[in-house]
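Participant: Spelled out from the first residue to the last, the chains are:
Protein chains: 4
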Amino acid sequence: MERIRLGMVGGGKDAFIGGVHRIAARMDGQFDLVAGALSSTPERSVESGQALGLAADRCYGSYEAMAEAEAARPDGIQAVSIVTPNHMHAGPAITFLKRGIHVICDKPLAATMEQADELAAAIRAAKSLFILTHNYTGYPMVRQAREMVLAGDLGTLRVVQVEYPQDWLTEATETSGTNKQAEWRTDPARSGAGGSIGDIGTHAHNLACFVTGLQVESLAADLQSFVPGRRVDDNAHILLRFAGGARGMLWSSQVAPGNENALRLRVYGEKGGLEWAQEDPNYLWLTPFGEPKRLITRAGNGAGTGANSVSRTPGGHPEGYLEAFANLYSEAAEAIRVAGTGQKPDPGLLPGIDAGMAGMRFIDAALRSSRANAVWVTL
Amino acid sequence: MERIRLGMVGGGKDAFIGGVHRIAARMDGQFDLVAGALSSTPERSVESGQALGLAADRCYGSYEAMAEAEAARPDGIQAVSIVTPNHMHAGPAITFLKRGIHVICDKPLAATMEQADELAAAIRAAKSLFILTHNYTGYPMVRQAREMVLAGDLGTLRVVQVEYPQDWLTEATETSGTNKQAEWRTDPARSGAGGSIGDIGTHAHNLACFVTGLQVESLAADLQSFVPGRRVDDNAHILLRFAGGARGMLWSSQVAPGNENALRLRVYGEKGGLEWAQEDPNYLWLTPFGEPKRLITRAGNGAGTGANSVSRTPGGHPEGYLEAFANLYSEAAEAIRVAGTGQKPDPGLLPGIDAGMAGMRFIDAALRSSRANAVWVTL
Amino acid sequence: MERIRLGMVGGGKDAFIGGVHRIAARMDGQFDLVAGALSSTPERSVESGQALGLAADRCYGSYEAMAEAEAARPDGIQAVSIVTPNHMHAGPAITFLKRGIHVICDKPLAATMEQADELAAAIRAAKSLFILTHNYTGYPMVRQAREMVLAGDLGTLRVVQVEYPQDWLTEATETSGTNKQAEWRTDPARSGAGGSIGDIGTHAHNLACFVTGLQVESLAADLQSFVPGRRVDDNAHILLRFAGGARGMLWSSQVAPGNENALRLRVYGEKGGLEWAQEDPNYLWLTPFGEPKRLITRAGNGAGTGANSVSRTPGGHPEGYLEAFANLYSEAAEAIRVAGTGQKPDPGLLPGIDAGMAGMRFIDAALRSSRANAVWVTL
Amino acid sequence: MERIRLGMVGGGKDAFIGGVHRIAARMDGQFDLVAGALSSTPERSVESGQALGLAADRCYGSYEAMAEAEAARPDGIQAVSIVTPNHMHAGPAITFLKRGIHVICDKPLAATMEQADELAAAIRAAKSLFILTHNYTGYPMVRQAREMVLAGDLGTLRVVQVEYPQDWLTEATETSGTNKQAEWRTDPARSGAGGSIGDIGTHAHNLACFVTGLQVESLAADLQSFVPGRRVDDNAHILLRFAGGARGMLWSSQVAPGNENALRLRVYGEKGGLEWAQEDPNYLWLTPFGEPKRLITRAGNGAGTGANSVSRTPGGHPEGYLEAFANLYSEAAEAIRVAGTGQKPDPGLLPGIDAGMAGMRFIDAALRSSRANAVWVTL
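As they're listed, the protein sequences go chains R, A, E and S.
Okay, so the first sequence: first residue is 0 according to numbering that gives the first Met the number 0, each after it adds one.
Okay, so the second sequence: first residue is 0 according to numbering that gives the first Met the number 0, each after it adds one.
Okay, so the third sequence: first residue is 0 according to numbering that gives the first Met the number 0, each after it adds one.
Okay, so the fourth sequence: first residue is 0 according to numbering that gives the first Met the number 0, each after it adds one.
Be aware that one or more of the hints could be misleading.
Which copy? The list can't say, so a pair holds if one copy fits it or any two copies do.
[What the hints assert, rightly or not] Straight line, CA to CA, 25 angstroms or less: simulated SDA-like cross-link-like pairs of lysine to any residue: (1) 343 x 192; (2) 270 x 146; (3) 12 x 90; (4) 270 x 300; (5) 270 x 55; (6) 126 x 42; (7) 270 x 2; (8) 343 x 60; (9) 12 x 28; (10) 270 x 178; (11) 343 x 150; (12) 270 x 282; (13) 12 x 333; (14) 179 x 310; (15) 270 x 172.
No lab work stands behind these hints: they were computed from the structure.
Kindly generate the complete structure, drawing on both the sequences and the hints.
Facilitator: Written as structure tokens, this is what we have:
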């Protein structure tokens, strides 16, 4: 089976998520990275590209040049990964979609609602696929959780507790001059108006919706910027109301010392509960009401088809963040291959424009609610 | 040293907290239970009292009778524990205070704000002590946490996350006819208008304030009664704003399957964080920003004076709920002995009317906020 | 119900376990401590006794004097707790048994096999009860574990892993002049020839036998004294062979930094496994082969009669070391009351001379095996 | 940078570890799998190879054919991964080494000591590299642990506790006819005379030696075959004596229900301890004597150069088994590239023939000791 030819926009030096996408694309041998517009200057783009083994003539100085040239090549890229800061998602995505190239885009969808709407329109008009890497949905035990909820194991859902605390912005790192990640992620022009809510709150929101199958109907948000001078929120406390009557709380923070990437979801229904934590992702607690708690392990006892089909090793061999990310790439590969035959692929559980727009509405609602002193805002 | 002569109001058959108070009073050999108005009928009161080894003539049919008779005896009770449902706290407490008998009262202070105000007035007028058993403040590692926060180990506080989920009211247990605890705790007439917020939310609120030394200034609450027919809230989502600028979230629930008594507090400041969980109470996580997490153990490495002085055994010998409760009784005994000498005792960390009124204002504010769709209400 | 009149031998200043016995005796209101020979000199014995509220004339200068005087009083002690160093167990125990006074004795049974044999003979000849406080058997979840094993939930047992690491003797604390506990516990004349194996290895051995219902048939031991100058072992590695074919390993250590009192038992059979850890005693893992792991909690879902009958509070209210210890005292009280009626009490699960002798044989076999370079020695 | 051309022996259908090697080889983009003798019949080898995207003419029916043909091609493989059952390690390895092809071989080294000796001789004679995938040494926190021990953070080592329990052979799975893994791993002809000790005991032994920098000098082993009819041990209890005076225990088991892949190492020295568990590999406990326990996280606070250089993502993004495995492949790639320049590569921490022979001596000694009733056997 031929590997899918992949390009990349962004992901040069000082980037974090680009390297993750490359490993994810490589892990299951489904993609070959063959072209890139990796940095914002042609020189650095070539430098970054050659360090990755790209041919010099496929290291482009801009995504527009890459789209044009690759679309013209018989061996041009079939798909592109967009791993730039948020304000540079929509532009490239639209450009490649117009060229008939499938797009795999990092989240959130865009920096502004306007960009998001424009992108959504382009996706509707395109024949190519658009995949948004809400990567936590790729974890086997997240799949397991979703499967159990949808099977009714928890009964009608009542309470959703989701949180994503980090600590890396506890101090004013963005002014240190040495942390590019902190710089753009706290810059509204590049990141969007949301800080923690855009960067990680959207992950929490997406995870809660993915697992429960529910949509957030309205929210009341109290956002804070604890670090003096910070231009975006670095902590957010949000009350949630889901369609159907479930209620929830969402906490995102970048100023909670001791927390690295502590995304955690707890869901409770009439018949039982579930708990999953990203930092210990091979475990899922199932708590049927009135029975002992059960610990379900990845590819172990109690794990079902949905989880096992995205596992690579037997239970007890911990799989992690990169494997979860790679699961989205492998599912994308499958969809891309189907699309290549002219058929319309079933996206399955792959996040796309719907998840992306839901995330944008979440950010927007949280910002509006908080500005109005935490009034309820409908999404 | 003579033991303090103790009476008890409530705590007969089918009671839960009365037995806890008795063990707590006994553990350090500071009290002797010698009288009781244990049940609501004279016959059952005698029956319950004799099962506990009380003399028949000191098993009273009403608290009024007990107060009168005991006050008249030369060997009458010096203190009384009030362990009745919430609506029966204020009346007995006022009665005994007027008789010059020290009062140790279960929380919350009362079922209504009116009762609470009346009791507060009586306490101000009385010479006797009033102690409210916010028992979680008696845990050594809670003392440790407070000591560290007040010493500035965390820097200025920013974020407080506190929660108290349980699952015992996941179903409509109060209608089963076999669960007296569920009956009165979901009956507004006996429990007060707050359900989960009064029963356990107040514990969460109190713990957060005790450890941080901060007061909740305002809150926005979204309360739910998930179980059909339930007359009080069984789940509560609350946004908190503390005096001084810290923000927080509070979750209380009685419908979260898999949670027994999962009170948990996390506090984050500019310099570090703390985490403590009631079900694993001998551990305290300290997370100084930029350093490895540290696990401080009760009476172990890193534990300070405040924690060690309320520990009974070396580290690694788990102490629990009853020991924490007993710590309040022992501190009460010390205060009562000082009061017996005619001096005014230093209440130290013993919760009293201030904590009680703060709890009542918390419940009241949460109810008012929720009725107004989670608007901010000042406490 | 009258409280049982209790005396105590040992447990004065600088003692650890005496205070534990006193709390345990007090917790359920079944005993009153009324007499004591608490220290090795009359003056200090009186001083210690009065600090505990004993009448001066019942603070004795020797256990012999106490036995004689108390046996002669109409209100004399009915039972005595012996909480002295190991070499002072047998003498007092025999003396009190001869006087018809029930004996509750700390473990191990004695410092030497000769003392143990002599005590065993005295017990056989006596009408009074002899109870050995192998206190870890009092934990509800240990009872639960035993119940499940005996019910066959694990099938035929195969593997037993038990360990009891501590770290308090990592350095030569016994030479510091400030740690009486370290002094006598590393002194062969007072502690017996076994160091870690006598002090904590016996607990591990006892726990394994109690839960599995099996006896150790033979062992091969490799003992070490890592701290220069130490006269007894401070670390022990032992292979176990149980009657019936199960095999095991036992590790005891006092030089394992980071371990406080980390007694842990794991048992595996043909059908499943169990795991319990003393420092987190309210949890028991059950791992049926081929099914998800289950976490059974004290007084919670999955807990049975044996565990619940020794629980004082609902699930989620952690009970600990003192409660487990108190369970033995309460069961002792029950047996003493039955004996008081002239009937022969059923000791139930109370450890007595059999457990004590098994422990002594364990220590003796371990020492002999290790001296012979870890050859197999039959118990 | 050109990818290294890789071949594979073994790893066809029903294989487990072959797929792991392929992912590990792919993850960092250093290798291209271009040839294979994947199965024991030519037809199945072609079938397996083509499913992996190999060209038909590079899917060989035997490793001899592959070695000959690939050595003759200008674009022939530079390295080969040997992922066959143990008895098929030495033959292929020797063949490829003789052809000047680097060998990456799964552990243990061989099924018999004779094969091992023969292979060792071939390695000494060869110019090519020989790398043995003791994959657990690739975990960042294992590197961290080793670095700390060697830096003296624990002081002189005293006690090593290592264990590797699993449960997958609790029943006689090898007779089910449906589990090829169980079949060969319990077949002495293919696996070697050691069962659990060869399959996983060697991992435990290797990990202990890797982290401590110590060699096992002698051991006393008690092996069991609990499952009736099983031809190799499925549980092993081993006492260890290390050069320099440290002592240890090693437990391996395939019949411990509830354990998946629960390799765990604890090391204690005069100044502190360390604890690491394979199933939660991103955490390392450091327990300096007299200080609070510290939790060091992968790429987080407290992690050093050795760990961070084999990490791909920031802390809190769990990396697992495949990443650890891939670390060995990446280090192998680096060594292979150096060798390609004609220089002698520094193997760094890559396990090779020394670790392999140590493992074989460990298995051999354990078998001999156990047959002689657990006498001490020198390695």
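Participant: Taking the earlier hints as the rules, which of them does this structure contradict?
Facilitator: 1, 5, 6, 7, 8, 11
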